[in-house]
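Since the structure of chain V is provided, determine the placement of chain U on it from the hints.
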Amino acid sequence: MLLPYMRELGENLHLVLSFARRDIRAKYKQTIFGVAWAIIQPVSLMIVFTFVFSLFARVPSEGVPYPIFSYSVLIFWMFFASCISQGTVAMTANATLIRKIYFPRETLLLAVMISASADLAIAAVLLAAMFIYYKVAVTWAILWVIPLLALQMLFVLGVILITSAIQVYYRDIGHALPLLLQLWMYASPVAYPLSSVPDWLKPIYLLNPMAGIIDGYRSALLHGTSPNLVYLGTSAVVLCVVVGGAYLVFKRAERTFADVI
Amino acid sequence: MPPVAIKFDSVSKEYRLRRRLARAGKLHDAKDDSIFFALKEVSFEIERGETVGLIGPNGAGKSTILKILSRVTVPSRGSFTVRGRLGALIEVGAGFHPELTGRENVYLNAAIMGMRKREIDAKFDQIVAFSEVEKFLDTPLKFYSAGMMVRLGFAVAAHIEPENLLVDEVLAVGDTAFQAKCLNKIAELKEQDKTIVLVSHAMPSILQHSSRVLWIDHGTIQAFGDPDETVEAYLRTVHKHETTAGADNPSVVPDSPIKIAGVTVFNANGESHASLTYGQPAYVDIAYTVTSPIEDPVVSLTFHDVRDFPLGGITSRFDGVQLDGCLGTSTIRLVLAPVLFTRGSYGVTVAIQDQRIQRYLDMRPRAATFMVDGPSVASREVSGHWVLPHRWELDQRGAA
Chain V
2 MLLPYMRELG ENLHLVLSFA RRDIRAKYKQ TIFGVAWAII QPVSLMIVFT FVFSLFARVP
62 SEGVPYPIFS YSVLIFWMFF ASCISQGTVA MTANATLIRK IYFPRETLLL AVMISASADL
122 AIAAVLLAAM FIYYKVAVTW AILWVIPLLA LQMLFVLGVI LITSAIQVYY RDIGHALPLL
182 LQLWMYASPV AYPLSSVPDW LKPIYLLNPM AGIIDGYRSA LLHGTSPNLV YLGTSAVVLC
242 VVVGGAYLVF KRAERTFADV I
Chain U
140 MPPVAIKFDS VSKEYRLRRR LARAGKLHDA KDDSIFFALK EVSFEIERGE TVGLIGPNGA
200 GKSTILKILS RVTVPSRGSF TVRGRLGALI EVGAGFHPEL TGRENVYLNA AIMGMRKREI
260 DAKFDQIVAF SEVEKFLDTP LKFYSAGMMV RLGFAVAAHI EPENLLVDEV LAVGDTAFQA
320 KCLNKIAELK EQDKTIVLVS HAMPSILQHS SRVLWIDHGT IQAFGDPDET VEAYLRTVHK
380 HETTAGADNP SVVPDSPIKI AGVTVFNANG ESHASLTYGQ PAYVDIAYTV TSPIEDPVVS
440 LTFHDVRDFP LGGITSRFDG VQLDGCLGTS TIRLVLAPVL FTRGSYGVTV AIQDQRIQRY
500 LDMRPRAATF MVDGPSVASR EVSGHWVLPH RWELDQRGAA
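Chains V and U, in that order, are what the protein sequence lines are.
Counting in the numbering used here, the first sequence runs without a single skipped number right up to 262 at its last residue.
Counting in the numbering used here, the second sequence runs without a single skipped number right up to 539 at its last residue.
Chain V on its own, in the form it takes in the complex:
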């Protein structure tokens, strides 16, 4: 059922890259700081968090300096948030195109993810510098970031396949998103460690896929521990099924995008 769609998408990979190039080039044109914005955003949040959570509220940071404790996962959270917010409006932002020309619409979503990845890569350069500055030991466990990132991307794709399609019909979701993302961040262990979450709450808390993923990044990067493989594997399988289903829903809705957008 998915195969014809995937084949068509495969034939349009160059279009994905063209859209991604457009998004990346256009994002920082006519700005003074240019790509520096990719670093400024997570750094400002890191500074705010350091003051509020570390200095004032004295939130524990698992024995790591709080700035790197928060920044190491903030960049992945920012990647998540920008994929979700830009992915959700990807169809409506390209409404004139969708009304006039046919192309597989999911190319716009993949392009958003690629352009957000570029920001992530830039922000990661500063993380490397912080590793040196704070003399954090680098271990092989750091490679766990790759499967974790793949898992996160799969999750992001599943979410935006659905939200971008809903946004075409009901713009409410676009209005609700900034608030939802804010709440979502506080429901994930970005500013505080997972260990601060009371045990009785954990079963519910961990239903949020981002909770496990964010904690996974931090363990792999700062503590050199590998993530729970069973958890990782199950998540991967579940996500694959969910994304497949979301893709079908999206392709079904796509046919009448032009009529309602």
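Hints may contain errors.
[As the list claims (entries may be wrong)] According to the in silico footprint, chain U covers these stretches of chain V (three or more CB under 8 Å from chain U):
no.: 1; region: 6 to 20
no.: 2; region: 27 to 39
no.: 3; region: 95 to 102
no.: 4; region: 252 to 262
[As the list claims (entries may be wrong)] Here are the simulated DSS-like cross-link-like pairs (lysine-lysine), alpha carbons at most 25 Å apart as the crow flies:
no.: 5; chain 1: U; residue 1: K329; chain 2: V; residue 2: K28
no.: 6; chain 1: U; residue 1: K146; chain 2: U; residue 2: K179
no.: 7; chain 1: V; residue 1: K30; chain 2: U; residue 2: K274
no.: 8; chain 1: V; residue 1: K30; chain 2: U; residue 2: K281
no.: 9; chain 1: V; residue 1: K28; chain 2: U; residue 2: K281
It should be emphasised that the hints constitute simulated quantities derived from the structure, not laboratory data.
Just so it is clear, CB atoms sit at the ideal spot from N, CA and C, and this is done for glycine as well.
Just chain U now, kept in the frame of chain V:
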């Protein structure tokens, strides 16, 4: 018989006008939904190598057909087939981004239209040469003039080289020289046996290019056949529609001392509501009523094409004619001798102005419409809306 390139098999497309949310909330019964049929059971076949003109009033279903053909939307019922790759010259430059340079936009737009990187590389120079914007290739598009953008958009679209091409109202873009280039490109595609579907409100361009014309109205096919006959049948309905609408147009000036009472067009045989003939005389009678004495009013006539584009006008002052200013109703007649319009449908707007031709005393937009039987632009031997009085002189040296 050449193979079928495009086929519609009882295709219907309906739109629900009520918002879905209201329905989901059960605020309205599903039956209350006003359903709008954009297309109703439309079936037709277009053979390979044909150029088909698609005509009809706004909202008739023309763009729905184009949208279905280009896969932007799907039919509600029925099926359609398109053999071979399909390209669309619809809204040229829809995929342009203002912050990117001309070069980047060529690549982006071509990719959106389905071209591969390698294909674009191979045709890039051709596209740029066609667009005539070489000098500004590395300038962001937002600094381009509207004309430059359109040229660049058309240049990209014209180089997709699909087997089937949809052209929507793009022949009217750019300056005259660029238009000539576009027309040559279309002629070239025709020679290559490509199938072209042409949508336009400009009947001359439909007539010049189409081998058959498909007339659609209210979502159903009214006629599909000979360009001249179909266009004429279509124009006749437009014409009928507008004469009735124009009759009870309220006056522009409410308390004017002079009013237009009626405008009638007669052909050479003195028949009203009949076609005029090219080369024969015709008469426009303007009846007007004077309710209080007025000094030296001026009557003016402006002729329009079917889309109300003014073609030219005359005033009684230009010819030094004085209107009868007596109280009561009088008639003034304009004699067109001969009629020089090409075949088609025309309208005339009549106005009465003050002696300095500055203030309107009364005006009747589209006071009358009429059809003209004469040389057709479909023959490509004449163009435009009228043929100027003229003769040819041959250099006699060859004979001597």
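Going down the list of hints, with the structure as the test:
Residues of the region 6 to 20 of chain V with a Cβ under 8 Å from some Cβ of chain U number 4, which satisfies the need for three, so the listed coverage holds. Under a criterion of three residues with beta carbons nearer than 8 Å to beta carbons of chain U, the stated coverage of the region 27 to 39 of chain V is upheld, 3 such residues being counted. Evaluation of the coverage hint for the region 95 to 102 of chain V: fulfilled, as 6 residues show C-beta separations to chain U shorter than 8 Å, against a requirement of three. For the region 252 to 262 of chain V, the assignment as covered by chain U holds, since 4 residues bring a beta-carbon within under 8 Å of that chain's beta-carbons and 3 suffice.
For the proposed pair U:K329 and V:K28, the alpha carbon gap of about 42 Å is over 25 Å, so the pair is violated. Between the alpha carbons of U:K146 and U:K179 the distance comes to roughly 15 Å, so the proposed pair stays at or under 25 Å and holds. Restraint check for V:K30 and U:K274: the C-alpha separation of about 21 Å stays at or below 25 Å, so the hint holds. Straight-line distance between C-alpha atoms of V:K30 and U:K281 comes to about 12 Å, which keeps the hinted pair within the 25 Å bound.
For the hint linking V:K28 to U:K281, the alpha-carbon distance of about 15 Å falls within 25 Å, and the restraint holds.
Checked against the numbered hints given earlier, this structure breaks only hint 5.
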